[in-house]
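Asker: Take the sequences, apply the hints, and build the full model.
There are 2 protein chains.
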Amino acid sequence: MALRYSTRTQDSSSPFRSASPSPQVIMKGIKSIVITIAMEGEAMPLITKLGLTQQSNYFGHAAPFHCFTGTYNNYNLAIVTNGKDRKFGCDNVGTVPAALATYLAVEQLKPDLLINAGTAGGFESKGMAIGDVLISSTIHNHDRRMLLPIFVDYGVHNHKAVETPRLREALKFKLGVVSTGNSLDHVEADDALMAANDASVKDMEAAAVAWAAELYSVPYFALKVVTDIVDGAHATEEEFVANFAMAQRRLQEAVPATLDHVLGRSLEEL
Amino acid sequence: MALRYSTRTQDSSSPFRSASPSPQVIMKGIKSIVITIAMEGEAMPLITKLGLTQQSNYFGHAAPFHCFTGTYNNYNLAIVTNGKDRKFGCDNVGTVPAALATYLAVEQLKPDLLINAGTAGGFESKGMAIGDVLISSTIHNHDRRMLLPIFVDYGVHNHKAVETPRLREALKFKLGVVSTGNSLDHVEADDALMAANDASVKDMEAAAVAWAAELYSVPYFALKVVTDIVDGAHATEEEFVANFAMAQRRLQEAVPATLDHVLGRSLEEL
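Chains A and B supply the protein sequences, listed in that same order. Counting from 0, one number per residue, gives the positions in the first sequence under numbering that gives the first Met the number 0. Counting from 0, one number per residue, gives the positions in the second sequence under numbering that gives the first Met the number 0.
Certain hints may be false.
For identical chains, the list gives no copy identity; a pair is met inside one copy or between any two copies.
[Stated by the list, open to error] DSSO-like, lysine-lysine: derived pairs with alpha carbons at most 27 Å apart:
hint, residue 1, residue 2
1, LYS86, LYS109
2, LYS83, LYS109
3, LYS125, LYS27
4, LYS171, LYS86
5, LYS159, LYS48
6, LYS83, LYS27
7, LYS83, LYS159
8, LYS173, LYS48
9, LYS48, LYS109
10, LYS159, LYS86
11, LYS173, LYS125
12, LYS159, LYS109
13, LYS83, LYS171
14, LYS48, LYS171
15, LYS48, LYS83
16, LYS48, LYS86
Calculated from the structure, these hints are not laboratory results. Everything numeric in this text was worked out from a predicted model, so none of it was measured.
Answerer: If you want it as structure tokens, here you go:
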């Protein structure tokens, strides 16, 4: 895979495209995928398992994000993580870094499909249990209350993910709405909007990832492993910590299984 | 001013730099400024007054943002707006587009100073009145509640703006903390964090603009005109609409006065 920069002035083809596996796949199938994962802890065991290689300084000196590339069954694969905050040292979680990382990744790599993978809280009332894997139907926000009439729908937004009936059937993944907000906890106003959004899971990045992918018209879906129950008895932060290792293992199973199903198929066949 | 793209692979000098006014200013003074303004309605009267010219497709075909460039007293000036949401048609307000627009603007223009200008709600309890112009001391978030210990401070963040004692004295602008959230209204949890942040004004972009400017180590401050009183009797959306034309006029006065004070001076002289 040629690892070089594309620039905005040229309509250069993707670095991914130069290593396309076959003319048949070029004609119709998904041959390159970018997976965005906010936290290093979520991503690293998967990156190791997939044998991806870190590219140094891939997004230039200013961006804190990391890019790991390689091939999977001869198709092109990259995982992009949000890196660390320079002031506080923690992972860059939340919508702002997720949007920028996604924009830079799709700009440079021009993937055929983008998957936002990671952890989420699940709603028991929507049938979600800890360890479940959910694929997004639509993605909304629940912490952008913009009460002027022209801004209300924009605030919540309505990001339509790729339809994946065969993938979900084959891998026994659930389908549902991902609702995104910048807080790990949730207050009454969030609850009201998550209910209005018909949310099955609550995460902190998917809507921003979807927004950035849409700017480049890259098809996408979110794949979320449930680490905690939003409408349950335990505090998110306790359940999240208790179940994080399980979520890492589930991502190590679910992501390769998803790649096996998706790569080489057309969007319509998912 | 040469209007061309810089790319991340080259450490190319800014398009701004090729039109620097004098060797003295190159040595120490601020010679190029980018002003980010979220809403077209906030920006357009100012852009017209300053005689700036819209650059077509400045950030590439994917980004919705607009760039207006020109000179002011022979110094280089650009105003960047966040453009419209393609699905809903409204201005791209909130932190996600603000961060991406700022990142792309500072990447390409490499300004000596970045100013995030616009409207905000003011706290009466902190001495703010409708029509006041406030310059930021620090900038925090009030809608990123991240309760795991390593993420709490990152969520609120602590963006240090350039110090501007002489500017504020000369122009009778107030000093205070800008607290940023993605909602036009505010709920109890926001109030608690805005109080903890010692917020004088509440806006929807400054923290994201500051985050992106810091990635490129570009010095910045926020300049906010108060359109509504956060801790007053009236709903934000009503006061915002009622006072928007006033805020436009104040921006048309305050921004050129700020440029007159800032351009040619060093950061230490502000």
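Asker: Determine for every hint whether it applies to the structure shown.
Answerer: Results of checking the hints against the structure:
1. LYS86 - LYS109: between (31 Å within a copy, 22 Å between copies)
2. LYS83 - LYS109: both (24 Å within a copy, 23 Å between copies)
3. LYS125 - LYS27: Cα proximity of LYS125 and LYS27: none, with 35 Å in one copy and 61 Å across.
4. LYS171 - LYS86: neither (41 Å within a copy, 32 Å between copies)
5. LYS159 - LYS48: neither (30 Å within a copy, 41 Å between copies)
6. LYS83 - LYS27: Result: close neither inside a copy nor across copies, 37 Å intra and 32 Å inter.
7. LYS83 - LYS159: between (29 Å within a copy, 19 Å between copies)
8. LYS173 - LYS48: within (24 Å within a copy, 55 Å between copies)
9. LYS48 - LYS109: Within one copy, since 24 Å is at most 27 Å while 40 Å is not.
10. LYS159 - LYS86: between (35 Å within a copy, 11 Å between copies)
11. LYS173 - LYS125: Answer is within; shortest intra-copy Cα gap is 10 Å, inter-copy 49 Å.
12. LYS159 - LYS109: within (19 Å within a copy, 35 Å between copies)
13. LYS83 - LYS171: neither (34 Å within a copy, 39 Å between copies)
14. LYS48 - LYS171: within (22 Å within a copy, 60 Å between copies)
15. LYS48 - LYS83: within (22 Å within a copy, 41 Å between copies)
16. LYS48 - LYS86: neither (30 Å within a copy, 39 Å between copies)
Taken one by one, the earlier hints fail for this structure at numbers 3, 4, 5, 6, 13 and 16, listed in ascending order.
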